[in-house]
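As a plain string of letters, each chain reads:
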Amino acid sequence: MTAEIRTSDGELLSVKLKKVERRRRTTAFLLAAPLLFFIVFAYVIPIFQMLGRSIDNAEMNSFLTETHEVMQTWDGSEMPGEDVTSTFYYELKTAVENKYHGKIATRLNYEKGGFTSLIKKTSRKLKNFDENDNFLDQFIDVHKKWGNIEYWQALKRGTDAYHFRKYLTTFDYEQKFDGSIERIPEKLRINVTLWLRTIFVAVGVTFCCFILAYPISHLLSVLPTRYSNLLMICVLLPFWTSLLVRTSSWMVLLQKQGVLNDTLVSLGFVADESRLELMYNMTGTFIAMTQILLPFMVLPLYSVMKTISPSLMRAATSMGATPFHAFRKIYFPLTYAGISAGSILVFVLAIGYYITPALVGGAKGILISNRIAYHMQQSLDWSLATAMATVLLIAVLVVYWLYNKIVGIDNMRLG
Amino acid sequence: MNSKKSDFVKFEQVDKSYDGKELVVKGLDLDIAEGEFLTLLGPSGSGKTTTLMMLAGFETPTNGEIYFDGRPINNIPPHKRGIGMVFQNYALFPHLSVYENLAFPLKVRKVDKSEIEERINKTLKMVSLTGFENRMPAQLSGGQQQRVAVARALVFDPKLVLMDEPLGALDKNLRESMQYELKHIHESLGVTVVYVTHDQGEALTMSNRIAVFNDGKVQQLSGPNELYETPVNSFVASFIGENNTFTGTVKEIASGSAKIETDSGETIVANPIAVSSSGEKSRISLRPERVSIDPNEQLENKFTSEIREIIYHGDHTRVRVNLLGNDDFILKVPNASSDLKLNVGDKLDLGWSSHDCRALDY
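The listed protein sequences correspond, in order, to chains A and B.
Heads up, the first sequence is in this note's numbering, so the first residue is 1 and it goes up one at a time.
Heads up, the second sequence is in this note's numbering, so the first residue is 1001 and it goes up one at a time.
By construction, these hints were calculated from the structure, which means they are not laboratory data.
A quick note: this is a predicted structure, and the numbers were derived from the prediction, not measured.
Any given hint could be a false lead.
What the hints assert, rightly or not - Beyond 10 Å from chain A on every Cβ pair, some chain B residues (computed):
id: 1; residue: Lys-1005
id: 2; residue: Glu-1034
id: 3; residue: Asn-1075
id: 4; residue: His-1095
id: 5; residue: Arg-1135
id: 6; residue: Gly-1142
id: 7; residue: Gln-1144
id: 8; residue: Ser-1188
id: 9; residue: Thr-1230
id: 10; residue: Thr-1247
id: 11; residue: Thr-1249
id: 12; residue: Asp-1263
id: 13; residue: Phe-1303
id: 14; residue: Asp-1346
id: 15; residue: Asp-1356
As the list claims (entries may be wrong) - Pairwise CB distance ranges, derived in the manner of DEER restraints:
id: 16; chain 1: A; residue 1: Thr-225; chain 2: B; residue 2: Asp-1349; range: 55 to 65 Å
id: 17; chain 1: A; residue 1: Leu-219; chain 2: B; residue 2: Tyr-1067; range: 29 to 39 Å
id: 18; chain 1: B; residue 1: Asn-1075; chain 2: A; residue 2: His-325; range: 41 to 51 Å
id: 19; chain 1: A; residue 1: Leu-219; chain 2: B; residue 2: Lys-1021; range: 31 to 41 Å
Cβ coordinates follow ideal geometry from the N, Cα and C atoms, glycine included.
Put together the whole structure using the sequences plus the hints.
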């Protein structure tokens, strides 16, 4: 048993130590606090609120609460009874009076096409309803679609407080009204193609960056400081230029009547009528993204290579290894940390890249991020957009987790 | 011993320049005998490391030829020379264990597995690191890393091992014990060692011969005691060991003795080494331990000095005195003779033999 150790003023050593440590921790926390609050309130909370929209349908649920409750007892195998139709009639009437029936129409239209016109027409005719007559018949009289049971099934599903159907859409699946999950018709499948293309581009760009960055980083690490500084500025210069400017510059260079094609034609490598298609396809996305993301590969590689003593290669050759063997067995393994750090940075940035593919990608070169933007800005299906964004975020987090497991996040250095 | 070559390694008129303006190594002629421990000693920038790097093959001579075991090696790349090397910062492969580090040169040579293991065990035993096979270099102390580096340079039985200031990063005590250890390894293996250092103590302890470098040239090439006792010029005299100097002009010269008038006007009888005629300027060199205090015997040189500073050094006391206008004349007084009472400002009679006092180049 160890005796209790006390400090010279009689306090228990462990207690005293905790006190001192606590003061230090408090100081550290206070220093970080402003940034922490900023990040939590301006970044983390809004993101989670936004991501919540991918499953959240509470607003719709609040518009038609009673209808939804009554419909729970309806099994959907045959047309709904009067209890359902009458509740729906009264709630729709309230909606028309308070002018939110438009929102209901839009939301239900995501569940089943044709709902917009259906709700609008019904709303207009609502004042002609005889509240003592059969509601279902009157609905069908207003619009024959009400006779189709799928619209009632869509109504039931569309008023759930939350649902995960957007995640199915993200991968080109849909849930039928009978609950079965099926792939959507081949003509409509676009998301899976985009996911695969995004992963392909991200992996490809990462690889291209690696191939281009490795030799230049090595050169940077062995050159005398005054030359390496100059070269470093050349590498970093694009970094300090606006992303939009750089992408636009690539458009100037790559377009059909652009600098690159003009040069090739005037040198006679390419005939004037068969100018290369370098833009509005994958080639453009690849070239521009590789150039833009290159510094993110160079910096970690450089910082790791800088720490590798040149005497290691000398030692290896003095022991009889050919320069290539020495590189493969000694130098290359020592740069793993830089390669993995650079790769994860480039990959994570590339997988969510938006501006460059939007500008130079055309229809064949757009990525999943462009699709998310489309749903945010054009189709206004925010639930789908956020479902896709959530999948993207989870994918990135998984990559980080794997990186941390295999390499350790502490090994990431940026110079 | 007879079958051993005296020109196992031969530098023939080797020049080296990095910038085309200045020669780092100037017309170097140097023979290294088989089995010898030769040290290249000199201040930084004297060309000693460049010489070593040319021998290892990491630098190419600008002019001249280097022979190794009778073959010219200027055009042989380092990995085909079969020369072991120990680097200043050890250059252990940080991602490989001690065992893998040592196995590297053997695997390159396609030695089979059982022999690799046998040789590694033998070599680790030699540097007393048995049991450390699976450690990573970062888990070893500086001294242990150093041993691994030595073991790795020896494990493939090279005929020549180069060492570039291998003990520079160790603390004083460890450095001294490693010096003896390296010396013993050299003696037991009979391998030829070329060793670069700027630490004269290290050079004197370990070497068979020492080549003192300055300004791209070998100033003196001789055994340790010769180098200390009979330096041939004032650079060597001042670089090796402690040294008191006077400058003056030769007045009279005969074989084995010269009368030199110092700048302060006194005459010193000295041993003419690098002076040949009267009227020449000369720098006189005198080791502190060759000066007698209160001399009884007949000595050619006897003068009175005044004590300026007394510095206690444990085993001896250093006394700085003013003698013949030289304010930095140093005496070493062994602390055994504690009966000697020294005080700053006291007068002290000093004397030395003309033989110990060497008249060198100015």
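### Message
Please list, smallest to largest, the hint numbers that this structure does not respect.
### Response
4, 18, 19
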